[in-house]
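Please work from the sequences and hints to get the whole structure.
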Amino acid sequence: MLTKEQIEYLFAFCRKHWVNYYDVQIELVDHLANAIEDKIAANPKLAFEEALTQTHKSFGVRGFAPVVQEKQRAIERQSRRLLLQLFKQQFRWPKIILALMIFTLSFSLAPLLPNDYFDITIMIAIIIIMVIIAIAGYSLQRLEKKSGHKFLLLQYQNALNCAFLPLNLMTAIQLFPNEHKIMLNKLGTSGHLIGCLLLTLFVIMAVATCRVFKNIKQTLLKNYPEVFQIAA
Amino acid sequence: MYGYEITQRVKDLTGGELNITEGALYPLLHRLEGAGLLEVEMENIGNRIRKYYSLTKAGKKESAAAMEELKTFLQTMQFLIQPQLS
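Chains as they are written, first to last, in my numbering: chain F, 1 to 232; chain X, 1 to 86.
A hint or two may mislead.
Stated by the list, open to error - Calculated lysine to any residue pairs in the SDA-like style (CA-CA distance at most 25 Å, straight line):
| id | chain 1 | residue 1 | chain 2 | residue 2 |
| --- | --- | --- | --- | --- |
| 1 | X | K51 | F | R80 |
| 2 | F | K145 | X | G59 |
| 3 | F | K222 | X | K11 |
| 4 | F | K88 | X | R31 |
| 5 | X | K51 | F | K88 |
| 6 | F | K88 | X | K11 |
| 7 | X | K60 | F | L84 |
| 8 | F | K222 | X | G59 |
| 9 | X | K11 | F | E70 |
| 10 | F | K150 | X | K60 |
Stated by the list, open to error - Just the calculated beta-carbon pair ranges, DEER-fashion:
| id | chain 1 | residue 1 | chain 2 | residue 2 | range |
| --- | --- | --- | --- | --- | --- |
| 11 | X | G46 | F | M123 | 24 to 34 Å |
| 12 | X | Y52 | F | P111 | 52 to 62 Å |
| 13 | F | K150 | X | Q82 | 52 to 62 Å |
| 14 | F | K57 | X | E17 | 38 to 48 Å |
In short, the hints are calculated from the structure, not lab data.
For every residue, glycine included, the Cβ atom is placed at its ideal position computed from N, Cα and C.
Set out below in structure tokens:
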């Protein structure tokens with residue numbers, strides 16, 4: 001069994017070779033340690049550094065880079081799949097009650113709003129929801145900072161861009177080229193319907209996004225308790 | 001099983017015929033994990049943490065399907081190379 005200092009050396013070796021994420025480092029360190037232990041067991045005169053060099057060579061000319069790249073792709077795929085799965089779940093009974101409530105409430109209130117204020121109200125609601133998502137995401141980043149390590153699992157930003165699709169659609173409608181700028185409130189009931197539908201979809205997507213963040217936090221606490229217990 | 005164990009087990013079972021390199025193994029394991037076919041469990045083994053991989057329900061189903069596909073492929077190749085004359 002390697003010593004604590006040798007294990008620390010392996011972590012430093014990973015960092016030196018551009019593996020800065022703890023969740024990738026621990027897997028590589030375990031592999032390197034196993035291989036080195038086997039090599040030294042077979043040849044006790046073999047030095048630790050030499051055994052490490054030989055083991056590192058077996059990763060090929062690109063070294064650890066393909067491992068990190070594929071791990072990043074896998075995390076994005078998993079996050080995206082989880083987001084869509086949680087989004088779809090929100091439309092099953094009884095969770096669909098939330099979507100129905102949001103739509104019904106917003107559609108009922110829409111005609112009561114003064115002219116030209118419908119679009120602004122929808123945009124304000126969306127901004128509030130975006131702030132809530134940002135706060136939820138920020139709490140994960142704070143947890144990571146407290147742990148003293150960087151985690152590839154927390155590099156999910158690219159995967160969750162689709163959460164803003166309803167917002168992008170809303171923006172596209174507002175920016176549609178026309179001699180008269182299309183505003184949802186000028187479309188009457190149809191405009192209200194579209195706006196309330198997009199708002200509902202965005203809220204549901206936000207709920208799913210926050211649940212993804214919760215899932216990521218639970219995964220981190222379950223898999224790396226020693227790191228996050230210190231952080232907590 | 002953990003990564004290093006997989007490489008050694010494959011080497012032992014195939015008598016050294018099949019040697020999975022680390023550069024091939026870990027990207028593949030992560031890809032399968034991303035596709036939901038593998039799940040992981042972490043264990044503290046004293047001086048370090050070890051990551052164990054196991055097949056999910058979907059992974060077992062996919063594994064069975066892949067074996068069937070391989071069997072069909074081998075049968076097809078067998079037929080092409082040594083067709084039975086009627």
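Violating hint indices (sorted, rising)
Numbers 2, 3, 5, 6, 10, 11 and 14 - these are the hints that the structure violates, sorted from lowest upward.
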